[in-house]
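Peer 1: Line by line, the protein sequences are chains A and B. The letter at position 125 of the first sequence is residue 125 when you use this note's numbering, and the numbering goes up by one with no holes. Positions in the second sequence are counted from 1; adding 352 to them yields this note's numbering.
Don't read these hints as lab results, they were simulated from the structure. Incorrect hints may appear among the rest.
Claimed, not checked - Some residues of chain A that are not near chain B, with every Cβ distance over 12 Å (derived):
(1) 62
(2) 119
(3) 154
(4) 161
(5) 182
(6) 190
(7) 194
(8) 200
(9) 265
(10) 324
(11) 327
(12) 329
(13) 333
Said to hold, decoys possible - Okay, the calculated beta carbon distance ranges per label pair:
(14) 464/B x 61/A: 47 to 53 Å
(15) 485/B x 328/A: 35 to 41 Å
(16) 154/A x 639/B: 35 to 41 Å
(17) 501/B x 276/A: 57 to 63 Å
Here a beta-carbon is modelled for each residue, glycine too, at the ideal position from N, C-alpha and C.
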Amino acid sequence: MTTPGAPASGGAPTVGGSPTIHAPTPATSRSRLGGIWEQLSRNPTLGLLALLLVMWVLAAVFVPNFGTPENIRNVLRQASDLSVAAIGILFVLLVGGIDLSVGAAYGLVSVVLVTVMIETGSFPLSLAVALATGVVFGLVNGVLVQWVRIPAFITTLGSFYIAYAIAQMISAGSMLSMPADDLFVGLQTGDLFGIPYLVVLAGLVAGLAWIVLNHSSFGRSVVAVGYNRVTAGLSGIRVPTIVVSCFAIGSGMAALAAVMLTSRVQIGVPTLGGFNTTFETITAAVVGGTSLFGGRGTVVGVIIGAIIIRTIGNSIVLLNITPLLYQAVMGLLIVTSLVIDATRSRYLGERT
Amino acid sequence: MTPVAGEDAATILLDAQHIQKYAYDDEGRPIRGTDVLLLADACLELRAGEVHALVGENGAGKTTLIKVLGGALPYEGGSLHVMGHLRGETTISRVRNEGIAVIWQEFSLAPHLTVVENMYLGRELRRGRRLDKREMRLQAAEAIATLGVSIDPDSPVERLSTSQQQLVEIARALNERSRILILDEPTASLSRFETERLFELLRRLRADGLGIIFVTHRLDEVFTISDRVSVLKDGRSTGTLRTSETNKDEIVERMVGRHLDSVYQRRRTTPGEIALETRDLLPMGAPAPVSITVRRGEIVGIAGLVGAGRTELARVIVGADRAGSGSVLLNGQDVTSWPMRRRLDAGFAFVPENRKDQGVILPLPIMRNLAITEWPRLGPGPLVLPQRERRLATSLVDELSIVARSVRQPVFTLSGGNQQRVAIGKWLARDRLVYVLDEPTRGVDVSARYALYELMEAIADRGGAVLMISSDLPEIISMSDRIYVMRVGAISSEVAREDATEQSLLTSMLPDRGVGDANAPVRADGSAGADGSAEADA
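Just chain A, same shape as in the assembly:
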């Protein structure tokens, strides 16, 4: 594949090539009114990155054992599957949709993965079937939303329960143990120069998503449809295809994330994800600066959002505080992000 102009995306998903949307502008001087605030509202990814760094410094100082290399690796490993799922939902949000079924897709895919593995013993085959399950699931969501014109919110709420029920039926309500497999175990334990495979995989996925969104006809179309599907359609973009593809990508990525998570826990169970996962995934995207109204959002932002969430979760565990606090913090985080998003839209004059 020729990818001219695309920066090599590094291993760790933290900064992965750090793509700035704006090219350097020629000789401009600083505005008199609030330079920093303006910078941040134009390029919120910088602010997010700063926030993450501040959190890490604070956590390293105040949270026992947070700063150890092993714990950092752990945080990143935990962030890897969340990042992948959140990049998936980024596509759905960019095109102006929403997908609540992510968490149930996790459970379904993990059960399918382990079941096929038990039956055939072939990891590549199980992987293919698991990913295909996710993509087909997303296609169904997309078709219902686009052609049957059921609002995405309702469609995916319904498909959440359907996926959950199917997973229950396949697993007959019990936990399925993953048969030992070198490849699969390797995915969770192995590393490349100290970077866990899972993190490397998330980085590769992020790089690919970044190229697609920023340097492909499809990615541009996604953003165009998200901002204004009427104009996009009248300009010759196949709006239905784009919308359905985004739902398929969203669930496909959720499936990959589910495989990554399954490799960490080594079991297949319908409750692998659940509403918590749906919520975390959307939160990661929104904290990362993705608009819920379509059109705006970046891969890098979403990844930083995922790492922020995992940092908070990890710190709460290490501090031995009640896990209930985690939920509250998540809630606070998503509300704050939405307020910032709304303020920013106004500030940028994007309303009209």
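Fit chain B to the given chain A structure using the hints.
Peer 2: Chain B alone, transformed into the frame defined by chain A:
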């Protein structure tokens, strides 16, 4: 510049001298040291007891100037004295204290709150710790009464008409003891009667010693209401004239900087073979089938009233809607069953009437908007090479003379005329066979109109077939080689250019009396002129 000493310094309410305002780059920083300025040298002096009209084409900087005067934007050069005091950078709330009230085209009222609540929003009267509702209501009613109108102070604002809402804004301004009233195209959405009433009110406020700045597109209003008129062109003041000592021609000349013929004259051409043909084409739900032809190199106009079915016809031709029956032929080939995407690829171009919602994608850069039709062809495989996209956009921006600092600028930062050029420009990357343009000059100012006319001619000269829907009769007569007139969904006549007069077109546009046409709209909107009118051709 210091304010003029001596002569009536006290009565000068506002004195803006050589105001400069920079354009902003994509990251919101002012761009200094270039020649792209929103305001390059704008001057305006407002005295107590005058109505001062501010005119200029779209994009001349009128709105920017009143935003600066009203304190919504800082300025970067020149000086601004308010009541003799120099004002630097400022904010809206401080401007309220300065006694300036700006009444924007889009009102700043909270729709669910009542008239009283709106008038005291943010500066509620209190008695002790509680709101003094009675006193507020009393004062509000009084302020409304002084306007000589009857508006229920307890009515939620959303129940009021546009004109009434405007009056509430004015009442609020008076109630705040504003001495300077700035009105941004206040008559754009008013009926004739309401306009008269507004003018009556402005005359009274003038007599009370207020200074009023009145932004308008309509020159006849300048002569009706104003004492002086200031003209802006490309961000520069081109003069302040006493209204009683000037005339329309002089103002127009200062607005456009050259003398424009009142009507554009299209060159004679010889049309080629038939590019577009419809045979008994029936849009869904339309009352009658339509058969028309457009040849290469030809500009064909479609005239008609709002609701005559012109937009519906255009949409069916390009495939945006399905046809009920009949067929569409492109270059002799039946494309009726083709989806829109395929028709566009085959050589159709469509510029819809509602520019902001359908023609452009406002938050996206000019570059993306122009290249949107070409993305699949801008790189190896599915990729889009940014430099090819930028090169394409840059050459189109040059070709269309779009006024912008950078192709990365979002389209919402452009003036209406420039936005329209973007909406058309995306179809110029490759030559198309048939251009369907729905109200291409609506809401576009005089000189941008001329540029669009030239563009249409250029398209026709290159062998394109242009089908142009327009409600502007002089325009359709001067631009079209042939004109179809639509009435209640059907073609009521076909007129050659030589035979077209406004009279003859209007006659075939208006529905026959009687014959069950009671519901057909009888409103000619040939007078459109005012920009951004939201009414759909539905």
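Peer 1: Against this structure, judge whether each hint is valid.
Peer 2: The hints, checked one at a time:
{"no.": "1", "hint": "62", "in the structure": "holds, 35 Å"}
{"no.": "2", "hint": "119", "in the structure": "holds, 36 Å"}
{"no.": "3", "hint": "154", "in the structure": "holds, 26 Å"}
{"no.": "4", "hint": "161", "in the structure": "holds, 35 Å"}
{"no.": "5", "hint": "182", "in the structure": "holds, 35 Å"}
{"no.": "6", "hint": "190", "in the structure": "holds, 32 Å"}
{"no.": "7", "hint": "194", "in the structure": "holds, 33 Å"}
{"no.": "8", "hint": "200", "in the structure": "holds, 24 Å"}
{"no.": "9", "hint": "265", "in the structure": "holds, 36 Å"}
{"no.": "10", "hint": "324", "in the structure": "holds, 37 Å"}
{"no.": "11", "hint": "327", "in the structure": "holds, 34 Å"}
{"no.": "12", "hint": "329", "in the structure": "holds, 32 Å"}
{"no.": "13", "hint": "333", "in the structure": "holds, 25 Å"}
{"no.": "14", "hint": "464/B x 61/A: 47 to 53 Å", "in the structure": "holds, 48 Å"}
{"no.": "15", "hint": "485/B x 328/A: 35 to 41 Å", "in the structure": "holds, 39 Å"}
{"no.": "16", "hint": "154/A x 639/B: 35 to 41 Å", "in the structure": "holds, 38 Å"}
{"no.": "17", "hint": "501/B x 276/A: 57 to 63 Å", "in the structure": "holds, 58 Å"}
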